[in-house]
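**Student:** Next come the chains, spelled out residue by residue.
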Amino acid sequence: MTAPVFILGGYQTDFARNWTKEGKHIAAMIREAVQGALAVTGVEPGEIEVGHVGNFAAELYAMQGHLGAFLIDVDPGFAGLPTGRHEAACASGSIALLAATAELEAGRYELALVVGVEQMKTVSPAQGGDYLGTAAWYELEAKGVEFPFPKLFGRLGDEYDKRYGLRDEHLAHIAAVNYDNARRNPRAQTRSWYMSEDHARGGGPYNATIGGRIKISDCSQVTDGAVAVLLAAPAYAERWAARRGTRLDALARVVGWGHRTAPLTFDAKIAESAGAPYVLPHTRRAIEDAFRRARVADVWSLSGIETHDCFTTSEYMAIDHFGLTAPGESWKAIEDGVIDFDGKLPINPSGGLIGAGHPVGATGVRQLLDASLQVTGAAGGYQVPGARRFATLNIGGSGTTSCVFVVGR
Amino acid sequence: MALDIRKVVVLGANGAMGAGSAMVFAAAGIPTTLLARTRDKARLGQARVEKLAKSEAISRFLSVGTYDDDLDREVAAADLVFEAVSEELALKRAMFGRIDGVRRPGALVATVSSGLSIAGLCAERSDDFRRHFLGIHFFNPPNVITGCELVPHAGTDPAVTAELAASLRDRFGRALVRTADTPAFCGNRVGFELLNRCAQLALEHGPAELDLLIGPHTGRAMAPLATIDFVGWDVHRAIVDNLHAHTSDEAHASFALPVYMDLLIDAGHLGDKSGELGGFYRRLGQGKEAQRFVLEPRSRDYLPAAKLAVPPVVAAMKRLHRVGRYREAMAVFADEPSPAAALMRRVILGYVSYGLGRVGEVVEQVADVDRIMGQGFNWAPPGLLVDLIGARRTIALLEQAKLPVARLLVDAAERGAHLHTEPGDPGRYFVA
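Protein chains in written order, with the working numbering: chain A, 1 to 409; chain B, 1001 to 1432.
There could be a bad hint or two in this list.
Simulated coverage check for chain B against chain A, where a stretch passes if three residues somewhere in it have a Cβ under 8 Å from a Cβ of chain A [to be verified]:
hint : segment
1    : 1141-1150
2    : 1317-1324
3    : 1406-1415
4    : 1421-1427
In short, the hints are calculated from the structure, not lab data.
Keep in mind that this is a model prediction, so the values were computed, not measured.
All residues carry an ideal CB built from backbone N, CA and C; glycine is no exception.
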């Protein structure tokens, strides 16, 4: 990267909240997250030079577009702030981050506010499932299909099964680890829910099949949430560190990024990767790009990963795509306990999308915030001891848009 | 240090609190035995646990039995005996007598009593029993509501209290508060002071009007009189009668059960659980066809529910909450001159004053009362309300209302310090 981008801090709303039950407009979510980030960092609103909002589908869920403009409502100090909104399905948050980091690297601004937000509990699960279908090629893959995404990610599992073999008990372990980690995270949606590997392996009325090989326990959550982070170029970060009585090298920074887009339909993706070792080669490339830019030799240089487990199959895919195992051998890392909280390379200490929750447009920002908390030793109950470097993987659609960040000190 | 609890026995496991508590222990992977009067009742408790956990797999950690056939053997093997039988002193005492005879020395015994004296419950027991006896007050349903009061009595071994506190926090995920062994502990004392005051005010203002005014916009998930219907009028009476008989502070009059409630309870009106008899609210029929009625406390008649006009102060607060402007909503609360706003202030400020007043008597810090009102009742905690209104403004309002002003509030105003220090989003308490 041309110049490092520093992560000063941020704020995540409690993902267990139901903002519709609270009678709240999406403006309230943005407001709470931004005010939280300002309070955590001690940044004055007037210092912020640009605002980016990541959001997938507020037009559908909340009948509201033009979300960038809602930043102005948060504080009089934001009067005139340049803002915009970014969309790439479940990777919307990361796209907002990429826009902000690009501007900071280019020297256009020194201090940027990035907010990821999604309000999803405004509609029934079936209606929400239909809205999420617009992250696929709607007419071809989602129209008239009940819960299209579990079916698409079930097919990802089927593709692994076909090429390498896949046992559902390994998926059950992924679910159990994410729920278990979520119990350590006071902002995780499922922190007080019951889950066990036994339960995830079983079916029955409490763990029904949603589509294909995907059961309830394999799914991430329908979540309301917003996350705000403050990103800074070196000049501002240096002044800020001095003001806070800390040093620049104690701050988290974005040290590498990757961003690739695969064909939209799942059929086209699978046709493209037929016979290749990686099932989602563009996701693999995004990871390789990020590692190269971050000068990271391989995955073992990381202390942990926050990955996109929208379903257990997507985390299964991430394990070999990150290089924890050879292609098709993710099960080995699962059986060896590598991805467990106290494993050699913990995945999703926060609980991930399954445990912490998945407010679609907020997820990428939440992952980056969690990575920055980890490398600065500020993750509290879900801190990975001694973490120095974390990676995030945020995916939009059925493996369509892949965004990766490497965060270090 | 946390305790090594490897086996729990729950007595009264068929009830809501027994099953809910059993779920908390089993969810942590601890073998838990559900005991009830009959095996069928114990199995009912097991079904309740599965339903709460949304899992049949949790039953791997559950076993069932009866008081007659299994209690002696199961209690002898338990590290923690958790008593959740009905709230009758004689019944609980008899149960503890039996447990005292069979428990192994050092085993913990806890009661889930929501207000009886912990010292009184174990007064006749052996020394070892008394040293290991405490109150663990969960709130219903405990799998969702994590607030929890831990109540040692004067004779509880302090090491046992400390270790159990660590376990409840770290292993069972409880938002824990240690309280003194005083009537109804902290949460119910502060909470039912507001609830019963609302029941008293309903006589003059009407239940629906009062619930509209002291509704979710004042920082709660459910309006006060609807809450009493949900809790059950018999439970409400037991709690406030206990408080009226055994406390003598500034809120003593607030704990007097209104006569109309006494008469209606005797006629079978217990709130939601008494079906079509109802409580403050009554519903005849189901779904869209249902006819809704509201109690008229003076005549004790039920009148058809009318569409009420929303008072402007309520509408203004809701509009501000909806967009996350909680501080501005509380400024409207503090400043609006209408009689409706004055009544709202009287109720909420009474709660703030009484809650802060219990610091030093029932709990040690503002954080404790804030935690139990927030995590136990899902109400905006007193300290948070002060922070949003402003300490100086709150003091002025309390003085105007002739309510006690806690010393700690004056200190906070002088130092310009925040009272609310609990983690979590403050906005979650305010419903638009």
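**Student:** Counting residues of the segment 1317-1324 of chain B with a beta carbon closer than 8 Å to any beta carbon of chain A, are there 3 or more?
**Tutor:** Our answer is that it holds, as 5 residues pass the Cβ test (under 8 Å) against chain A, meeting three.
**Student:** When I compare C-beta atoms, does the segment 1406-1415 of chain B have three or more residues closer than 8 Å to chain A?
**Tutor:** violated (count 0)
**Student:** Quick check: do three or more residues in the segment 1141-1150 of chain B have a beta carbon closer than 8 Å to a beta carbon of chain A?
**Tutor:** holds (count 3)
**Student:** Within the segment 1421-1427 of chain B, is the number of residues with a Cβ closer than 8 Å to a Cβ of chain A three or more?
**Tutor:** Result for this restraint: holds, n = 4.
In summary, the structure is inconsistent with hint 3 from the numbered list given earlier, while agreeing with all the others.
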